[in-house]
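As you go down the protein sequences, you meet chains A and B in turn. The first sequence: position 77 = 77 (the numbering used here), numbered continuously. For any residue, its number in the numbering used here is found by taking its place in the second sequence, counting from 1, and adding 1000.
Quick caveat, the hints were computed from the structure, so don't treat them as lab data. Computed from a prediction, not measured in an experiment: that's the story for all the values here. Glycine included, C-beta positions come from ideal geometry on N, C-alpha and C. There may be inaccurate statements among the hints.
[To be verified] Looking from chain B toward chain A, a few residues come up when the C-beta cut is under 10 Å (computed):
no., residue
1, K1058
2, I1059
3, Q1062
4, G1123
5, A1130
6, T1144
7, E1148
8, K1154
9, K1155
10, V1157
11, R1214
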Amino acid sequence: MPEMVLVDAIRLAMEEELARDERVFVVGEDVGKRGGVFRATVGLYDKFGAERVIDSPLAELSIVGVGIGAALYGMRPICEIQFADFIYPAMNQIISEAAKMCYRSNGDWTVPMVIRAPYGGGIGGGLYHSQSLEAFFTHVPGLKVVIPSNPYDAKGLLKSAIRDPNPVIFFEPKKGYRLIKGEVPDSDYTVPIGPAQVSKAGTDVSVFAYGMMHYYTLQAAEKLASEGISVEVVDLRTLYPVDRPTILASVKKTGKALIVYEDNFTGGYGAEIAATIADGAFTDLDAPVKRLAGPDVPGVPFSHPLQEWFMPNPEKIADAIRDLTKW
Amino acid sequence: MPLKVIMPKLGESVVDGTVNRWLKHEGDQVQEFESLLEVETAKVTTEIPSPAEGVLLKIIVQEGETVDAGVILAWIGNVGEQLPEDPSGSKPAVRNTTISANDLKGESEVFSGQTQMPSKELGFVSPVVAKLAAENKLDLTLITGTGENGRITKKDVLDFISHQQPKKHQQSEPAPWETPGSGDLFKPTVNIYPSQPTTSQDTAAPQTSLIKSRDTMLPMTTKRKAIADHMIMSKHTSAHVTTIMEADLSRIITHKLVNQQQFEVDGLKLTFTPYFVASAAQALAQFPLINSSWSEKGIILHHDINIGMAVSLGEDGLIVPIIRNADRLSLSGLARAVNDLSTRARSKKLSPDETTGGTFSITNHGTGRSLFATPIINQPQCSILGVGAITKRAVVVSDAIAIRSMVYLSLTFDHRILDGNSADAFLSKVVDTLENWQ
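Extracted from the complex, chain A is given alone in its bound form:
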């Protein structure tokens, strides 16, 4: 099995799906000739041509609008938003049109569309290239929200997303594009949307994370294992619909829960997980449900020391786990 970085697994998924299903096409800024600013579509333009790998104008509203229209005509669009930060102009299309189509047409019409968007900070991107937006979309029934944390899942989940009959928001941890490596089979496999995964079993504390924070959490857990702290790590993978049974089963086992996310603390997606635990596992708790997240400031600062201050990292995660263990 070849080892590859996250972004290559994503590219491979698109390449395989473009080859498998002629209804599939890619649309976005610089995805064609340039191969994408993160090189996620590199080679696809040459292989599949300008009609299936389309360079769009610099207008996110139109990228998503084109995708919805094409999807309604039976196509399987993959819309790339160059940075998740730029998705706001398309919010109306996503929330009021794509998310509601199946429901308002009583299932007669669906929007089988994937919106891929690199998200997250820690890359020196400043306020407009570092945002985490998952909480906006997990609030909207009708959308599925997926965030892979490793190359294997990225390929399998993206293929599931492309084949899904309804819109899927596919956030990609861009800091991990070339940092996170893993083995990825050549075969045509999928990872189902929905189930979370216990990526590391443990007994002392359950940590729930996704995307880049899951990668950091695994590092923290490894470090803590040498201190005798047994951490169970749960990779949520699909944020909506969320896998509540796996979350609650883990808390029942350990009695302690930490949720890590790099979005702002207040109203972040981790709050939903905390509430799920408080509701469904109250009598199994041995400590308060804790969240580690970015501070409540308007953006990830550009200044490197301040970016460090903003971003959760393996050290901060390890500290939070130590505190919970002691509690």
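Assemble the complex: chain A is given as a structure, and chain B must be docked to it using the hints.
Leaving out everything else, chain B in the frame of chain A:
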């Protein structure tokens, strides 16, 4: 600043009280020392005065609830004053309505050795620890916490369970009544025998099935429950034996007739009771073994002669106020004490300490025409004297039949402490004193 009204410790051995009735409502204006509420303990019912002038801002403990001494009952202050965030001040520990550490205690086999120890501060009990303790019937006070500030963690409980498993059934502690140790003698029975399957829970289930549609259930009062517990405990504790003698009260009746007018001048009503108390006190001084308590280490002789005098409160049960150092009181002193205590007992004005510390008891069941009875010992005393009805009977005096005012005296004594011979000697002394009253 709002002021707390707390459940006072109503006497030496009284650890809790039941709020019978609030005499003021929230929002009422109260004066300092004005009665706020009526509290019932196992021994007495009393009124609690307001600690200050102000408005009754909030009632924390509702009518019918039983709480320990020291618990905040209510807040007094000025109109509109803010109460602290947690007005009940931690927890009111209301019996049977909130989950306390006690409720988490399981079968007596696990913790019987610990019941008499004051329960350790548990600190915060997390939901999962509470659940595990309840499921496994654990006494959390036995578990050492390793969490922050000594908190008991889930891990601590699981460790405890895995270590404690094998020896769970071996420890069969002696039954509580087999070791009525000295320190517990003056504790209320509910404290000493919390899990005693006597009159309460264990028999409750079958009893409820006894209720037929035309039957009525009288609600259990604190006092009835205390009497029931005490009676059963006493029967379990002492080896009860009753010996009966009769006394000719002719001299007493003459003495009473001659003196009662003078007593009335002094504002006292002379009854027969002071004569019996005086005779018993004299006999107790001569036979100190009767004025005693049993303990495993030895028999405790009490040097003070404190005679309890049972006073019936009708359907409200009975109460036993104490005449302290009865042997040092004259007949008029005893008459004064008897008058005072019985009057205040009937009007529920006794202070709780006036019902504790007795060393011997007298019960005058004769007032209900009973000739003789076999009273139950008032623990931890050694014996109790029952006085029957005074009736004129034909008796043989100097080989002639004469009409005399006679009384049967029954002495129930603890056969562990003394034997029939000593008991009869004591009772004979009482009879002699009565018959030869000077």
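Structure-based check of all given hints:
| no. | hint | verdict |
| --- | --- | --- |
| 1 | K1058 | 29 Å, violated |
| 2 | I1059 | 30 Å, violated |
| 3 | Q1062 | 27 Å, violated |
| 4 | G1123 | 12 Å, violated |
| 5 | A1130 | 8 Å, holds |
| 6 | T1144 | 16 Å, violated |
| 7 | E1148 | 5 Å, holds |
| 8 | K1154 | 4 Å, holds |
| 9 | K1155 | 8 Å, holds |
| 10 | V1157 | 9 Å, holds |
| 11 | R1214 | 44 Å, violated |
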